[in-house]
Structures are given as C-alpha cells and as structure tokens.
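Input sequences plus hints: build the corresponding full structure.
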Amino acid sequence: MEDHQALVTDIDIHGLTPELKESTQLYVANEIRPNSPLYLTIYNLFNTRDGRYKTERIKNVGEAPHILDSAMVELSANQIQRYLQTKGYFNAKVQPSIEIRKKKAQIDFDAILGEPYVIGDISRQVADPKVTAIYNDKVVPKSSLRTGKQYDAADLYAERENLYNEMRENGYYDYLRQYMRVGLDTLGKAQLADLKLQVSNPDDSAKHQVYTIDDVYFRIEAAEPGLKRNETASYDSLFKMQYTDETLRFKLRPLARYAYLRSGQLYNSKNEELSYDRLYETNGFRSVKINYEKKDSAKLDVYYNLIPRAAMSNQIEGEYTFSSGMSGFNIGNTFSHRNVFGGSETIEVKLRYGVLFDTRLPGSLADKIFNNDLQFGVNVSFPRILTPFRVRSVGRYGIPRTTFSSSLQLFFQDQTYANRYFINSLNYMWYQSSNMLHSLTPVVIEYRDGRLNEDFRQKLLEEGYQLYVESNHRQYFGLGAQYAFTYNAPRLTRKETFNYFRGGIDMSGNILGLISNMVNFKENDNGEKLLFGVPFLQYVKGEVDYRWYKFLGGNKQFVLRFNSGLALPYGNNSRLMIFEKSFFAGGMNGIRAWQARTLGPGGYNREVVREELRVNLRNLDQLGEIKIETNAEYRFRLLNNFFGAKLNGATFVDAGNIWNLKENNINLDGEFKFNKFLSQIAIGTGFGLRVDMDYFIIRLDAGLKVKDPQFKGKEQWVIRRLFNAKEFKQIYYDAHKPDRYNFIQYNFGVGMPF
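Per my numbering, residue 1 is the first one in the sequence shown, and the count goes up by one each step.
Be aware that a few hints might be false.
Stated by the list, open to error - Straight-line C-alpha distance at most 25 Å; calculated PhoX-like pairs for lysine-lysine:
id : residue 1 : residue 2
1  : 737       : 707
2  : 104       : 142
3  : 130       : 299
4  : 240       : 289
5  : 676       : 712
6  : 104       : 21
7  : 646       : 556
8  : 87        : 495
9  : 130       : 295
10 : 495       : 142
11 : 138       : 196
12 : 196       : 207
13 : 207       : 138
14 : 714       : 729
15 : 270       : 299
16 : 350       : 581
Said to hold, decoys possible - Label pairs and their in silico Cβ distance ranges:
id : residue 1 : residue 2 : range
17 : 287       : 490       : 21 to 27 Å
18 : 495       : 287       : 28 to 34 Å
19 : 643       : 110       : 27 to 33 Å
20 : 178       : 495       : 30 to 36 Å
21 : 234       : 178       : 26 to 32 Å
22 : 432       : 287       : 29 to 35 Å
23 : 154       : 235       : 35 to 41 Å
24 : 316       : 438       : 32 to 38 Å
25 : 490       : 542       : 21 to 27 Å
26 : 287       : 234       : 18 to 24 Å
Because the hints were derived from the structure by calculation, they are not lab data. Think of the CB as a built atom: it goes at the ideal place given N, C-alpha and C, for glycine as much as any other residue.
Rendered as structure tokens:
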C-alpha cells in the first residue's frame, strides 16, 4: 500500500433506526466496505513481496484491500440519501466524514432525516377496460398503498409488480412493467404526497393483446456433441407436443406432465414458472429453457429445450464426532444413476461406515473401539405417483415421488451387543398445497436379529434384568405402515410470524394380528406368535412437533417448540418397546445440555447399575416410550460481516424428558406417573452461535444443565453446584464410574436445531 493510501477498516451510519440502518448499508459501494479479515489475509499471503504489494503476476485469490476512495465515499452518501428519499424522507441529507489514523480509515455517514411524507389522494387511470377489470379485481384489494400511510417507493414497486404478474397470468404475454407510470405531487402540501397511477396502452394499439398457445415443441438436447445420437421426432396426441430426443434416453410422458404450457391454453406466466420449477425438480436436467415464437392471430408457439445432467455421479462424505470422552468418524459414499427408466428416475446406492472410540477404555487403540456401524442402502425414486390404479398426479405445488428403499445395518458394540437390521419400504410423497406435504409409507417390511454378548447376557440375567434381555436378545419380523403430515415447511427459512406442524404415526402388526386370530400361528416359550420362525412386532407410535415462530423485526426472531411422542407396544410384544422404536432425550436438536441418549427415563440414575455393566449398557439403557420436550429460543444478529458471512446469536431454554409406560427393574423410577412427571422434567439453558453462509448454517451451541432429574429434591437444581464443580464431579464419578458429569455440553452441527 502506498504512503498516501489508507485501508478502510470501519464504516458507520448515524441518525437512523436499527432496521433502516441495516438496509442502508447495502448502498455503501463495495469498493470501500471493510475487507473480510480472512479473505484479505489470503490475498496478502499470495500477493505481497518484501512487505509491498505485487504489481504483476497478481493471484486472483482472497480479496484485494479496499483502499479509501473519496469519490466512492461521495457516491455512497448520494446513494444512501436517494434510498432514504424512497422511504418518504424527501428532505433527507447525508454528510460523509473520514478519519485516518496510521493508514487506516474510518468512514462515518451522518444522516438528517427530517419529517417523512405521507400519502394523500390516490388516483388510478387505466386506458384498456379489460385491464381495468383485472386491476380493480386482482390488484387493488391487496394493495399496500393507503391514504395516510408513510410514503414508501417499495409499495409502488409492489403495485406495479402485482399488476405485471396478474396481466401475464391472464394471457397478456406482451405486457411490460413500463406501461404503469406514477406521478407524485407534493407542491404546496406540507409532508403530503398525492399519487397518480396510469396504465397506458401499447403505442401501436388501442388495447393490450391476449395470446393463446398454439404448437408446443419439447426437445432434449445432448450435453456434448459426442453424446448426440440419431435423434427421433414424434407427436404425442395426449399432450399435443412435438417431441425430439437427441440422446435417445428419455420418454416424453413422464416429463410432459410437468410441462404446463400446453396447446389451446391462454399464455400464463405462472405455468411457465411451474414448468421451470418442476422440470428442474425431477433432478435429471442441468438446463431448462422455455422460448416463444409469435404467430399471426395472437398465437404463440412454445419451445421446451432441456439439457440432461450427467447420468452417473459419485459423492464421498465424512465427519468427525467428539463428545464427553467419546470420539469417532463416519465416512459414506453415495453413487447416483439418473434417468434409469427414461423418466428422470434416480437410483442411489449408499454405503456408510462409522466407528466410535472411548478414550476411557484401557489398552491399545483397537481396544478402545466402543462400537462399529456399517450401513448399506439402495433407493429408487420416481418423480410421480406409481400405483396399480390410476392416480391424478399433477404436482403443481411440488414433484410427487414414489420411492422404493432397501437398507441393511450391521451394528456391533464391543462386548455388549450386535444387531442386524434389514428394512424395505414403499413411500409416496405429495403436496396438497404449497405448504402442506403428505408422506405415506403403506408397506414397511423389516427383520431384525439382535444378539447380546453371551457373557454380558449372563451378567444381566444374574442381576435380574430378564426383561431387558428378552427385549434386546431376540429376532423379530415387522410388517407395518407409516404416515406423516407437514405444514408450513417452506416458511422455515423466512423471517416472519407463522406456525409449523409435523405429525406422524407408525404402526406395525395390525394385519398380522388379524391373520393370527384366524390362523393358528406357532408360539414360542414366551407365548409370542411366530411368522417365518420369529415373533412379529405389534406396536403403534405417534409423534407431533409444533413450533411458533414470532418475527420481532430486523434479524430478531423468537421460536417456541413443543415435541411429544408416545410409543405403545401391544399384543405380540407388549412387555417393552424395542430399541429401534424407542425415544431418547438429549442431543443437538433436543435438550442441548445433555449428550444424546444420556437423559432419563424419568428419575433414573445409573448409580444403581453395577460398574462392570455400566460401560456396556451406555446408550442402551436410557430409552423410553413417552417423550415430552419443549424449547424456547431467541435469535438475533451479532455481526453483519464475520469473515464474509453473517454471525447470528441465540439464547435458549430447553426442558423435557422421556419415560417408560410401565415399571421395570432396569430403569428404576423411570415410569411415567401424573403426580411425579413434572418434577422429573430436565431443564437446560445456553447460548449459541450461527455462522450464516447463505447456502448453509454452521452452528455451535453450548448447553448448561440447570435441573437434572436423576437427583432428588433440591439436589436436582445442579446449577447450584456449578461453582464447586470439581468436588461435585469427583463425588459423581466415584459413584458412576466410568461416567463423568459435565455441566456444559457443546453441540456442533450444520443447520438450525429447529
């Protein structure tokens, strides 16, 4: 940097409300905004020599230093002033000032707003009577322009955009935004602005023209010249389309159902947007373009031109996990083949391996392996509903999908437990509206073979854990169905006030139970009826997740969540819910002050388990059949520029637990009782950071235990022990070896907790 230059390190705008200040920052020229420290460091690393910037062979990495430019400062002040005038502050003035110290510049913009102007009389004049009807019926009722409201140019832009959209949705292909003009009269009126909106006709016509779609051409082009085959052309009488495929890989009809601009219809821009969205959602095309050609007599020919994605792809993923003395890694590979049957179907083959180490175990690294988890799965997804009978599958609100899934899991926990889990399912997913999603799995077929380590099993039996052995050392067969309904999922990323709901039900064994009443199935020694030589499952499980999102202005939001579930085993396995279908508490998306599967059930304290069994039972004995969980979180902005991203903060309070339906000799004090469950609610609080990268969010939460139900009476309020934690932790460790007590639990993840 030259001696006469200065690096811009700080910019501030004074005299504005926080909301107005945040929006005006967008009008500061990029050339004088403070650099991202990370990107500037990277640039300096590659583009400096002997303490000076290079003048040649400059590497295009990082971000070049933003040097003070007085012309850009004046330009930014003018841009801010013009923006404030669009918000009704017609007399606003913005004065910049610059302070330079040690070649570092701070820029301040001082804004004087003055009194805002409000809207006076509003007149609307439309030259075409048919356009008048659309304007008055569709646009005016939802207009945000009102007499007495503070002037805001955004309201005028919205009115113009609403009319533009309504016109193009009603066949007016040629209509332009410029046909609406706005006149503003403030002459002789104190802080009052009269509005005059005019919609003119085209220069060469006395009216606006409505267009009808004539011929439709659907063409699939080769991504590269070498992939082009002898193209075929045909005419489909059902969809009235001319079809050409240069790749010879696709069938028209599975795709044409999502091409909503069709012969004989009025032109409709909404159908154009739907066609783009749905054809991209099929996941088979990297490019979708829709072009038009005008014909005589107000006709349009439509041309769909699509370029396919690569037929095959492979993705490798990995992650490292760590928490409370446990660490490990997961690695996965996903192979995808698109357009398997010519209708943009996708087949995915997934392989995943995970290992978890417990550093507290003695011996070498191999001896410290706590568990291994190997999973293999195959999914075949069709972008439509496939049934033996005809189902109308329009997909106007989203692509409906039919998915066939099959997966195998091999799980092994050292000296404790081995599990083989094989599951197959058929799932239908469809949208009832833009915010209502249904998921129906009419068939779920599963087989599980769980085996306890023989020495461990004998120890459990000696301790009287007969029920636990029966529930986990067993084989079973399941035939069931699942259904889930989700409301308002698309709004989860928006800053607004709304409600979100998701409810689901999972049932198994009803049909088999009816058949077993008519046919005498064989029974084992426990009286369980057998199918293919193993007992079949009977249970019903339901769960609801309700959230209330309250927008508080700017980047502030409050979220209240209630999550509850009930799992009821009955009939053929009525004694205890199996491991895979049970609830657990704790974790990064639940009660964040506890590690997953370390809370509950009820007032259960692992002190009652003998030390030699405590290690093996970890993560297997803290499960339940009832779950109640609530969360409250306040979200806010901390920094607008954090290494090129936005840094948000959150404070939260989590409360809840899990319970068993019945008393058992494993989880003492773990059953649900109306006169006790409130006293067994766990409470945690904490603070979180969210790095918003626009495309994804990196999240770090620190949860602090406040009330721990494994203790009794006032001892549950463990927050009292925080400042003599060393003594408390030692006493706890002596009674719970090898478990240790952590007041603070850190959770690292991608995406919001809820």
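Quick check: which numbered hints come out false for this structure?
2, 21 and 23
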